[in-house]
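Based on the provided sequences and hints, a complete structural model is requested.
For the sequence shown, position 178 (counting from the first letter as 1) is numbered 639 according to the numbering used here, and the numbering increases by one without interruption.
Note that these hints are calculated values from the structure, not bench results.
Do not take every clue at face value.
[To be verified] Distance condition first, Cα-Cα at most 30 Å in a straight line; then the derived DSS-like pairs of lysine-lysine:
#1 Lys-674 to Lys-515
#2 Lys-674 to Lys-648
#3 Lys-588 to Lys-648
#4 Lys-588 to Lys-705
#5 Lys-559 to Lys-648
#6 Lys-670 to Lys-648
#7 Lys-588 to Lys-515
#8 Lys-495 to Lys-674
#9 Lys-648 to Lys-705
#10 Lys-559 to Lys-670
#11 Lys-671 to Lys-588
#12 Lys-559 to Lys-671
[Stated by the list, open to error] The calculated label-pair distances, taken between Cβ atoms and stated as ranges, are:
#13 Leu-655 to Asp-584: 30 to 40 Å
#14 Ala-694 to Asn-647: 40 to 50 Å
#15 Leu-655 to Gln-548: 21 to 31 Å
Even for Gly, the Cβ is constructed at its ideal location relative to N, Cα and C.
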Amino acid sequence: MSYQTFAHFYDKVMDQTVYDDWMAFIARYRAHSKPLSILELACGTGQVAVQLAKAGHEVTGFDLSDDMLVLANERMIAEGVNFSLIQGDMRDIGQVGKFDLCTCFSDSLCYLDNEADLQDVFDGVYKNLQEDGLFLFDVHSLYQMREVFPGYQYIYQDQEDVFLWESFEGDLENSVEHVLTFFVPNKNGTFNRLQEVHQERVFEIDVYKKILKRAGFETVEVSSDFGRSTVEAESPRWFFVCQK
462 MSYQTFAHFY DKVMDQTVYD DWMAFIARYR AHSKPLSILE LACGTGQVAV
512 QLAKAGHEVT GFDLSDDMLV LANERMIAEG VNFSLIQGDM RDIGQVGKFD
562 LCTCFSDSLC YLDNEADLQD VFDGVYKNLQ EDGLFLFDVH SLYQMREVFP
612 GYQYIYQDQE DVFLWESFEG DLENSVEHVL TFFVPNKNGT FNRLQEVHQE
662 RVFEIDVYKK ILKRAGFETV EVSSDFGRST VEAESPRWFF VCQK
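Here's what the structure looks like:
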């Protein structure tokens, strides 16, 4: 999986209202009454990090993709805020600080296709949290993976770019393969056709709970709709709140 091309399309195709929902999810469990130290895993292009920094929090953004981090740094400068950025694999976070809160949004954990990798992430998060720290994350639901994604198609087009998203059932249980095709314009009026393949997988809620408990988290709550609703059979996404 590579974000080399997708990074530059990400903000165009992403629903911008979802960032306010993630901020509301954070506020639901960590009110903005005091500045918090926050580790944002898979920070992407930095939209959440910027909003958190504007709210007065001390933010560290962590992402595997250099291309995403370049855009996050550009956004940070343009918005006149400051936060730290670290390039790395969240399966090997290391000791980067002691945080009040860690987040991992936009279904980023779905890129891990086995329990051992999830364990590495959850262990690393636990070690980087304060004693009363919280870990907030979301993943696609089994309904989304089994019923919605297979056969899904999306086309984006503006005056500059054309982007095609196609999703297919993956080889592993409860997995999908997203084939992203980009038509990038050249100066002579022609287009380059580029392609990336992204694979995602989801596990049963009890599997996530088991691994989180093994990492040391004392309580784990699961909801839908950014913490506003209980999980139902057709909930598209699950939201986890994990207390150290």
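Hints, one by one, checked against the model:
| no. | hint | in the structure |
| --- | --- | --- |
| 1 | Lys-674 to Lys-515 | 33 Å, violated |
| 2 | Lys-674 to Lys-648 | 54 Å, violated |
| 3 | Lys-588 to Lys-648 | 49 Å, violated |
| 4 | Lys-588 to Lys-705 | 10 Å, holds |
| 5 | Lys-559 to Lys-648 | 48 Å, violated |
| 6 | Lys-670 to Lys-648 | 51 Å, violated |
| 7 | Lys-588 to Lys-515 | 27 Å, holds |
| 8 | Lys-495 to Lys-674 | 28 Å, holds |
| 9 | Lys-648 to Lys-705 | 53 Å, violated |
| 10 | Lys-559 to Lys-670 | 23 Å, holds |
| 11 | Lys-671 to Lys-588 | 17 Å, holds |
| 12 | Lys-559 to Lys-671 | 24 Å, holds |
| 13 | Leu-655 to Asp-584: 30 to 40 Å | 36 Å, holds |
| 14 | Ala-694 to Asn-647: 40 to 50 Å | 47 Å, holds |
| 15 | Leu-655 to Gln-548: 21 to 31 Å | 22 Å, holds |
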